[in-house]
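Protein chains: 2
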Amino acid sequence: MSFQVRALYDFDGEPGTAEMSISSGETLTVTRTDVGEGWWEGVNKNGKSGLFPEAYVEKISANSGGPPQIPAPLLTPTPNLMDDWGSSAQPQPVAANDNDGWDDDWDEDPYSEIQGNAHHQHEQLYSNETNHNLNPRGDADNFSEASFGGIDNKGTVTKKSLNRFSTFVKSGGESYILGTLKVNVDESRIIRIVKLDESTFAWPAITPSNQYTVLVTSPKKETKLKGLKSFIAYQLTPSFNNIQVSRRYKHFDWLHERLCEKFSLVAVPPLPDKQISGRYEEHFIEHRRVQLQEFVNWVCKHPILSKCDVWQHFITCTDEKLWKQGKRAAERDPLQGANFCLCIEAPDKNLLQSWVDERMEININFIHNLDAAVKNLQATATDQCRKYSTAFKKEFCKIGESFYSLGTAIESAEKAKPPDLATGIKRIGTAYFDIGKIYEDQPKLDWEPLADKLYVYRGITGAFPDIFAIHRGAQQKRKECEKINMPPGQLNEVRKRTDTVTYAIFAELNHFKCEREIDLKITMRNYLKEQINFYKKIVEKLEDTLQFFD
Amino acid sequence: MSFQVRALYDFDGEPGTAEMSISSGETLTVTRTDVGEGWWEGVNKNGKSGLFPEAYVEKISANSGGPPQIPAPLLTPTPNLMDDWGSSAQPQPVAANDNDGWDDDWDEDPYSEIQGNAHHQHEQLYSNETNHNLNPRGDADNFSEASFGGIDNKGTVTKKSLNRFSTFVKSGGESYILGTLKVNVDESRIIRIVKLDESTFAWPAITPSNQYTVLVTSPKKETKLKGLKSFIAYQLTPSFNNIQVSRRYKHFDWLHERLCEKFSLVAVPPLPDKQISGRYEEHFIEHRRVQLQEFVNWVCKHPILSKCDVWQHFITCTDEKLWKQGKRAAERDPLQGANFCLCIEAPDKNLLQSWVDERMEININFIHNLDAAVKNLQATATDQCRKYSTAFKKEFCKIGESFYSLGTAIESAEKAKPPDLATGIKRIGTAYFDIGKIYEDQPKLDWEPLADKLYVYRGITGAFPDIFAIHRGAQQKRKECEKINMPPGQLNEVRKRTDTVTYAIFAELNHFKCEREIDLKITMRNYLKEQINFYKKIVEKLEDTLQFFD
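Quick mapping for you: the protein sequence lines, in order, are chains A and B.
Yeah, the first sequence ends on 557 if you go by our numbering, and it's all consecutive.
Yeah, the second sequence ends on 557 if you go by our numbering, and it's all consecutive.
It should be emphasised that the hints constitute simulated quantities derived from the structure, not laboratory data.
Accuracy of the hints is not assured; some may be wrong.
Given that identical chains are not distinguished, each listed pair holds provided it fits within a single copy or across any two copies.
Cross-link-like lysine-lysine pairs, in silico, PhoX-like; alpha carbons within 25 Å at most [as the list claims (entries may be wrong)]:
#1 K394 to K490
#2 K382 to K405
#3 K401 to K382
#4 K486 to K227
#5 K543 to K400
#6 K66 to K536
#7 K528 to K548
#8 K328 to K227
#9 K405 to K536
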């Protein structure tokens, strides 16, 4: 089942391999998609066949170039001033094809307007309009971004990574380790990893004066296009300025994508799941608010995320023009992925390889175990949520009905006058009905918050394997450099940069450790308190009923 | 599939019907057992075919007359001094054939040695060795028992009942109403129904000085035949003499049969179910003890049952010879079934038919409703018993495991020192394991006692329909007598006896009402108290765990 794709970028195939060079705009016929590792096989218009990166092409949809597909039959997407993202760019075909129905709202989101040509833009990337923007010295031409495929190695010849589309390479780890990206980072923006003791390294702590929270409140249905389009907007109020901003799920989604791309060494907390059905249902919306609050809380407590530009922009920007500028700036941030390490200043001490290996192994195992345990408890919590309001409630209703009907039967005997046995037994029945209701109402107090918290942890534990992969990639790259005849000064730089990656990962692991110690303690305490209250409520209900028999 | 039976009694077939007369001792070949209403079809040795009552014949087993069948392979039943019932009589063939495996012990029980020839015995029925025995004036020959089939109506011609084997006729109701059984009852043994108000009639109350309890304790495994046979004996200690007697389930079973036969107008409480498997399992034995205690309690509180000879004999007799005499006396008691009404003196006021009909209807409905409700709640209670120790326990184990494994996972991170988060979360895990255990242990404190109590009520509500049937039969018989040309004096006697039956049923209903008002109140209170304690235990367990997070 072959299909046609259009090349989005130039790609220089490695001579002597199965790779094939492609040029941006060229049409190709894909013949195999199961090559693996991000590669596709195809044929170009000259009949030449070869492999190229899947990510470099976009599918040509049946009506490509025609009007955009409209997912929801009632609504016609039209650029509108009220639409924050409403540039008139056509929805990117890839996005349209990949749109498998998750869209939080009913409009097409032209998020990716820039992605397609980011490699070829040379305009001024940063404005001074927002205070927190990176302000690199040197102009944009100094950014000599290494293409993913060919490495510009300025005299140093290294083998390419086995998998050019590994997490490591994709995150820009290779180019960072090899020092191919030269960016001067403003001194004020340097992140200095702190050595707490011989084996503990940490991100610079958030000073008490810089601590803040952001409250996510009042999810409300908003409309645009005179009511034709409706969506839910969540209100965010940072504690440092008390100015409310209104954000939709798709904005969170965009933010999340930016954070993940930029901070590939940071375990970015997850967003709530995308969900189509029942989107405007009250409980779903409120629950999503709670989950967004969890996300926001985690970001606020993270020393790197909480200070970063895109986040600050997200929680503070109220002006539409500035919003768009900030959006573009974030999307064109050159210090993404492993290159973010250019902003990091690690302790000036080479790490002992065996020690690093040992600690990494412990942590990899730990994260692996934690991930499984968190998933398990989350599944249990979700299961309990469901059962409380279904099976367990039903049990109590059944008990209630049984007692109640006994009361009714006794009542049918002659001469039963209340307050009597029949009434008492019926009271037991209603007590159990009430307990059934208590069960139904309970999960939102204990199991649901627990499940929400564990959802965040699942996101965190799920993010670490990619972080570990970058570490592995960096180590491997360093070893490669050690094997070849690299000038000692240059090799030292490679080693230092590799260590920086390691230090950063240790700092991130340390942050996670500190966070969870506080956070899980609070979570468990709250959970237990609510469980205790729950059983106390049942006791109370039964004690009320017992009075009737005393 | 024909088989042979032996006629136990004479039966005079109704001329002009399909019925066939049979004579005691005669051998018949049964050709149909599905005639219904207690009838079988068979052929006699002369080749004559017809219907006869199933109850009048006994199956002739293959090895009838040979050694008794031995149900358990290891044991050989041998008459033994230690066997309370150990007369050397052959097990009655009917009993041997009907023995479908319920037998509480492994020996044959020759309970029914007398049943087969009771009609033909004319020996002295009563000894003076036990104080409470009936001591009828007039000798045994005065007992002119009406044969079930032919009615000895001494000049009064009435139609036979439509169903000659109805509860009414079988209970001897017909012969009682028609006054065919003449027994002089000693004045001291007359039961006088008390009129409490215009519409409330009661059994004579048990005077405080006559109130007593009987404790059922220490079920223990006893053996006889040098350990070859083993059985469980329950110890009964009446409060009025403090002398312990040892009784086996089969003795209870015999007693129960006697009580049901004699007191057909009394709702005799049920015995625990017969059960074959796991008979010597500790929990089963203890549970049976509890259920026997329920039975005993109910009897002790019943004004008629608690005073009756067979019961007194059962709870006091310690001498083997007296025991056998009492047993025979009970089995040959002429004042059984409806004829027990001969001992009853009802208020000397004719009951208004319409009033009786209305009250009976109310009560029939009530018992019907109550029966359904009791069955329902008992099913729920039994279901909860099961779920507490299976499904619910499992839920808590699963929760426990989920928390525990999260604790274990966190522990696998470096530098976790107790008391720490990991230990705390593991403690939550163990708390839920403990709660699972609390669930498992709980039913015996609340649901099981409730189920046991409801079991008794099921027995009671299940007994009433037969009582109502006797009432209906008596009413019908009275109407029949009213239609024919019966002398007024005789008719008055019929009416009076019919009213006596009605008064007795009202007294029994009243007793049930008074009993349940006290009894169910206590039951519900105890149940609620245990449920409250149960949930409090869970609260306590969780509170202990919460301390770890404070």
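Here's how the hints hold up against the structure:
In this assembly of identical chains, K394 and K490 lie within 25 Å of each other by CA distance neither inside one copy nor across copies; the values are 59 Å within and 66 Å between. Taking CA atoms no more than 25 Å apart as the test, K382 paired with K405 passes between copies only; the shortest distance there is 13 Å, against 32 Å inside one copy. Only between protomers do K401 and K382 lie at most 25 Å apart by alpha-carbon distance; the minimum there is 19 Å, versus 27 Å within a single protomer. Taking the closest pair of Cα atoms, K486 and K227 never come within 25 Å of each other, the shortest separation being 54 Å inside a single copy and 80 Å across copies.
In this homomeric assembly, K543 and K400 come within 25 Å of each other (Cα to Cα) both inside a single copy, at 17 Å, and across copies, at 20 Å. When the C-alpha separation of K66 and K536 is checked against a cutoff of 25 Å, the pair qualifies neither within a copy, at 53 Å, nor between copies, at 70 Å. Proximity of K528 and K548 under a CA criterion of 25 Å is satisfied inter-copy only: 18 Å between copies versus 30 Å inside one chain copy. Taking CA atoms no more than 25 Å apart as the test, K328 paired with K227 passes inside one copy only; the shortest distance there is 24 Å, against 91 Å between copies.
In the homo-oligomer, the alpha carbons of K405 and K536 lie at most 25 Å apart only across protomers (20 Å), although the nearest pairing inside one protomer, at 28 Å, exceeds that limit.
Violated hints for the displayed structure, listed by number in ascending order: 1, 4 and 6.
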